[in-house]
Amino acid sequence: MKKSDILLALEKKFDYLPKREVERTLEKILHNLVSNLSQGNRIEIRDFGTFSTRLRKARTGRNPSTGETIEINDKHLVHFIPGKKLKKLINEE
Amino acid sequence: MKKSVLTKSLMINYLNETIGLSKRECQIFFETFVEIIVERILKKEDVKIVNFGIFKIRKKKSRIGRNPRTKEEVMISSRHVIRFKASEFLLNTINSSSTSNDEKS
Numbered sequence: 013m014k015k016s017d018i019l020l021a022l023e024k025k026f027d028y029l030p031k032r033e034v035e036r037t038l039e040k041i042l043h044n045l046v047s048n049l050s051q052g053n054r055i056e057i058r059d060f061g062t063f064s065t066r067l068r069k070a071r072t073g074r075n076p077s078t079g080e081t082i083e084i085n086d087k088h089l090v091h092f093i094p095g096k097k098l099k100k101l102i103n104e105e
Numbered sequence: 002m003k004k005s006v007l008t009k010s011l012m013i014n015y016l017n018e019t020i021g022l023s024k025r026e027c028q029i030f031f032e033t034f035v036e037i038i039v040e041r042i043l044k045k046e047d048v049k050i051v052n053f054g055i056f057k058i059r060k061k062k063s064r065i066g067r068n069p070r071t072k073e074e075v076m077i078s079s080r081h082v083i084r085f086k087a088s089e090f091l092l093n094t095i096n097s098s099s100t101s102n103d104e105k106s
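Protein chains in written order, with the numbering used here: chain A, 13 to 105; chain B, 2 to 106.
Keep in mind that the hints were calculated from the coordinates and are not lab data. One thing to keep in mind: the hints can contain errors.
[Claimed, not checked] Here are the simulated DSS-like cross-link-like pairs (lysine-lysine), alpha carbons at most 30 Å apart as the crow flies:
#: 1; chain 1: B; residue 1: 9; chain 2: B; residue 2: 72
#: 2; chain 1: B; residue 1: 4; chain 2: B; residue 2: 24
#: 3; chain 1: A; residue 1: 87; chain 2: B; residue 2: 24
#: 4; chain 1: A; residue 1: 40; chain 2: B; residue 2: 24
#: 5; chain 1: A; residue 1: 100; chain 2: A; residue 2: 24
#: 6; chain 1: B; residue 1: 61; chain 2: B; residue 2: 49
#: 7; chain 1: A; residue 1: 96; chain 2: B; residue 2: 45
#: 8; chain 1: B; residue 1: 86; chain 2: B; residue 2: 62
#: 9; chain 1: B; residue 1: 9; chain 2: A; residue 2: 25
#: 10; chain 1: A; residue 1: 69; chain 2: A; residue 2: 87
#: 11; chain 1: A; residue 1: 24; chain 2: B; residue 2: 62
#: 12; chain 1: B; residue 1: 62; chain 2: A; residue 2: 99
#: 13; chain 1: B; residue 1: 62; chain 2: A; residue 2: 31
#: 14; chain 1: B; residue 1: 61; chain 2: B; residue 2: 44
#: 15; chain 1: B; residue 1: 72; chain 2: A; residue 2: 25
#: 16; chain 1: A; residue 1: 40; chain 2: B; residue 2: 72
#: 17; chain 1: B; residue 1: 45; chain 2: A; residue 2: 97
#: 18; chain 1: B; residue 1: 49; chain 2: B; residue 2: 24
#: 19; chain 1: A; residue 1: 96; chain 2: A; residue 2: 40
#: 20; chain 1: B; residue 1: 72; chain 2: B; residue 2: 86
#: 21; chain 1: A; residue 1: 25; chain 2: B; residue 2: 62
#: 22; chain 1: A; residue 1: 40; chain 2: A; residue 2: 99
#: 23; chain 1: B; residue 1: 4; chain 2: A; residue 2: 25
#: 24; chain 1: B; residue 1: 86; chain 2: B; residue 2: 45
#: 25; chain 1: A; residue 1: 40; chain 2: B; residue 2: 9
#: 26; chain 1: B; residue 1: 44; chain 2: A; residue 2: 96
#: 27; chain 1: B; residue 1: 45; chain 2: B; residue 2: 9
#: 28; chain 1: B; residue 1: 72; chain 2: B; residue 2: 62
#: 29; chain 1: A; residue 1: 31; chain 2: B; residue 2: 4
#: 30; chain 1: B; residue 1: 86; chain 2: A; residue 2: 87
#: 31; chain 1: B; residue 1: 86; chain 2: B; residue 2: 9
#: 32; chain 1: A; residue 1: 40; chain 2: B; residue 2: 86
#: 33; chain 1: B; residue 1: 45; chain 2: B; residue 2: 62
#: 34; chain 1: B; residue 1: 61; chain 2: A; residue 2: 87
#: 35; chain 1: A; residue 1: 24; chain 2: A; residue 2: 99
#: 36; chain 1: B; residue 1: 4; chain 2: B; residue 2: 49
Since this is a predicted model, take the numbers as computed values, not measurements.
Between the sequences and the hints, there should be enough to build the whole structure, so can you do that?
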């Protein structure tokens, strides 16, 4: 499942829209998600889940094969918590 | 910029302002987008979204857990969990912007 598959599925459902429009709308959705995360905003989608960014502190790492120590800078990570409904659905068989 | 929460309605407003679709159409579009992802996740398929990230479905085995307070043993049944891994592009973007927030992990 890749973006192109999502795009194809969207084009199928919205066959009354020009394909270009569907593609542009999908791109805008992704653009808005990325830009909100990069501003430090949380993303909350009901029944789906929440994305937030977290800061991982700088730490000293070690190259496992050479034993060499290296400084690892702090880094923002993206954290996803699935919503209750999604969690429940995925465990229902 | 002030930190806020992006919700579905804000997403719909944004789409409505940037694209020539009505709010109702934007809502249906966004909801369909989410539904397609959920559908694949429920089929236990990994969902990869280029330039955003990948949702991976993992199966966890059942194990014995213990209530730390009462020391009571409980069976934790096997279950599926969803992992999200951000793409290189997304990580680079959030790390190159200076306004990123620092929610405590």
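Hints, one by one, checked against the model:
1. Using a Cα cut-off of 30 Å, the hinted pair residue 9 of chain B and residue 72 of chain B is violated, with the two alpha carbons roughly 42 Å apart.
2. A hinted pair counts as satisfied when its Cα atoms are at most 30 Å apart, and residue 4 of chain B with residue 24 of chain B qualifies at roughly 24 Å.
3. Among the hinted pairs, residue 87 of chain A with residue 24 of chain B is inconsistent with the structure: their alpha-carbon atoms are about 37 Å apart, more than 30 Å.
4. For the hint linking residue 40 of chain A to residue 24 of chain B, the alpha-carbon distance of about 14 Å falls within 30 Å, and the restraint holds.
5. Straight-line distance between C-alpha atoms of residue 100 of chain A and residue 24 of chain A comes to about 28 Å, which keeps the hinted pair within the 30 Å bound.
6. For the suggested pair residue 61 of chain B and residue 49 of chain B, the alpha carbons sit about 21 Å apart, so the restraint of at most 30 Å is met.
7. For the proposed pair residue 96 of chain A and residue 45 of chain B, the alpha carbon gap of about 17 Å is at most 30 Å, so the pair holds.
8. Of the supplied pair hints, the one linking residue 86 of chain B and residue 62 of chain B holds, its CA atoms being roughly 21 Å apart against a limit of 30 Å.
9. The straight-line distance between the Cα atoms of residue 9 of chain B and residue 25 of chain A is roughly 20 Å, inside the 30 Å bound, and the hint therefore holds.
10. Annotation: proposed proximity of residue 69 of chain A to residue 87 of chain A holds, straight-line Cα distance about 7 Å (limit 30 Å).
11. At most 30 Å may separate the alpha-carbon atoms for a hinted pair to count; residue 24 of chain A and residue 62 of chain B exceed this at roughly 37 Å.
12. With a CA separation close to 16 Å, the supplied pair residue 62 of chain B and residue 99 of chain A stays within the 30 Å bound.
13. For the suggested pair residue 62 of chain B and residue 31 of chain A, the alpha carbons sit about 43 Å apart, so the restraint of at most 30 Å is broken.
14. The suggested pairing of residue 61 of chain B with residue 44 of chain B holds, with an alpha-carbon distance near 16 Å, which does not exceed 30 Å.
15. In summary, the hint linking residue 72 of chain B to residue 25 of chain A is not supported, as the alpha carbons are separated by about 52 Å, beyond the 30 Å threshold.
16. For the proposed pair residue 40 of chain A and residue 72 of chain B, the alpha carbon gap of about 51 Å is over 30 Å, so the pair is violated.
17. Of the pairs offered as hints, the one joining residue 45 of chain B and residue 97 of chain A holds, with about 15 Å between alpha carbons and a cut-off of 30 Å not exceeded.
18. Annotation: proposed proximity of residue 49 of chain B to residue 24 of chain B holds, straight-line Cα distance about 27 Å (limit 30 Å).
19. For a cut-off of 30 Å, the pair hint linking residue 96 of chain A to residue 40 of chain A stands: about 27 Å separates their Cα positions.
20. Restraint check for residue 72 of chain B and residue 86 of chain B: not satisfied, since their Cα atoms lie roughly 34 Å apart, outside the 30 Å limit.
21. Pair hint residue 25 of chain A plus residue 62 of chain B does not hold up; C-alpha atoms about 37 Å apart against a cutoff of 30 Å.
22. At roughly 27 Å between alpha-carbon atoms, residue 40 of chain A and residue 99 of chain A fall within 30 Å of each other, so this suggested pair holds.
23. For the hint pairing residue 4 of chain B with residue 25 of chain A, the CA-to-CA distance comes to about 34 Å; that exceeds 30 Å, so the pair is violated.
24. Between residue 86 of chain B and residue 45 of chain B the alpha-carbon distance is near 16 Å, which keeps this suggested pair within the 30 Å criterion.
25. In summary, the hint linking residue 40 of chain A to residue 9 of chain B is supported, as the alpha carbons are separated by about 14 Å, within the 30 Å threshold.
26. Distance hint between residue 44 of chain B and residue 96 of chain A is fulfilled; the C-alpha atoms sit about 17 Å from each other, no more than 30 Å.
27. For the hint pairing residue 45 of chain B with residue 9 of chain B, the CA-to-CA distance comes to about 25 Å; that is within 30 Å, so the pair holds.
28. With a CA separation close to 21 Å, the supplied pair residue 72 of chain B and residue 62 of chain B stays within the 30 Å bound.
29. For the hint pairing residue 31 of chain A with residue 4 of chain B, the CA-to-CA distance comes to about 34 Å; that exceeds 30 Å, so the pair is violated.
30. Among the hinted pairs, residue 86 of chain B with residue 87 of chain A is consistent with the structure: their alpha-carbon atoms are about 14 Å apart, no more than 30 Å.
31. For the hint pairing residue 86 of chain B with residue 9 of chain B, the CA-to-CA distance comes to about 22 Å; that is within 30 Å, so the pair holds.
32. Between residue 40 of chain A and residue 86 of chain B, the direct Cα distance comes to roughly 21 Å. Compliance with the 30 Å bound is thereby established for this hinted pair.
33. In summary, the hint linking residue 45 of chain B to residue 62 of chain B is supported, as the alpha carbons are separated by about 15 Å, within the 30 Å threshold.
34. Using a Cα cut-off of 30 Å, the hinted pair residue 61 of chain B and residue 87 of chain A holds, with the two alpha carbons roughly 28 Å apart.
35. For the given pair, residue 24 of chain A sits about 28 Å from residue 99 of chain A by alpha-carbon distance, which is consistent with the 30 Å threshold.
36. Simply put, residue 4 of chain B and residue 49 of chain B have alpha-carbon atoms about 27 Å apart, close enough for the 30 Å limit, and the pair holds.
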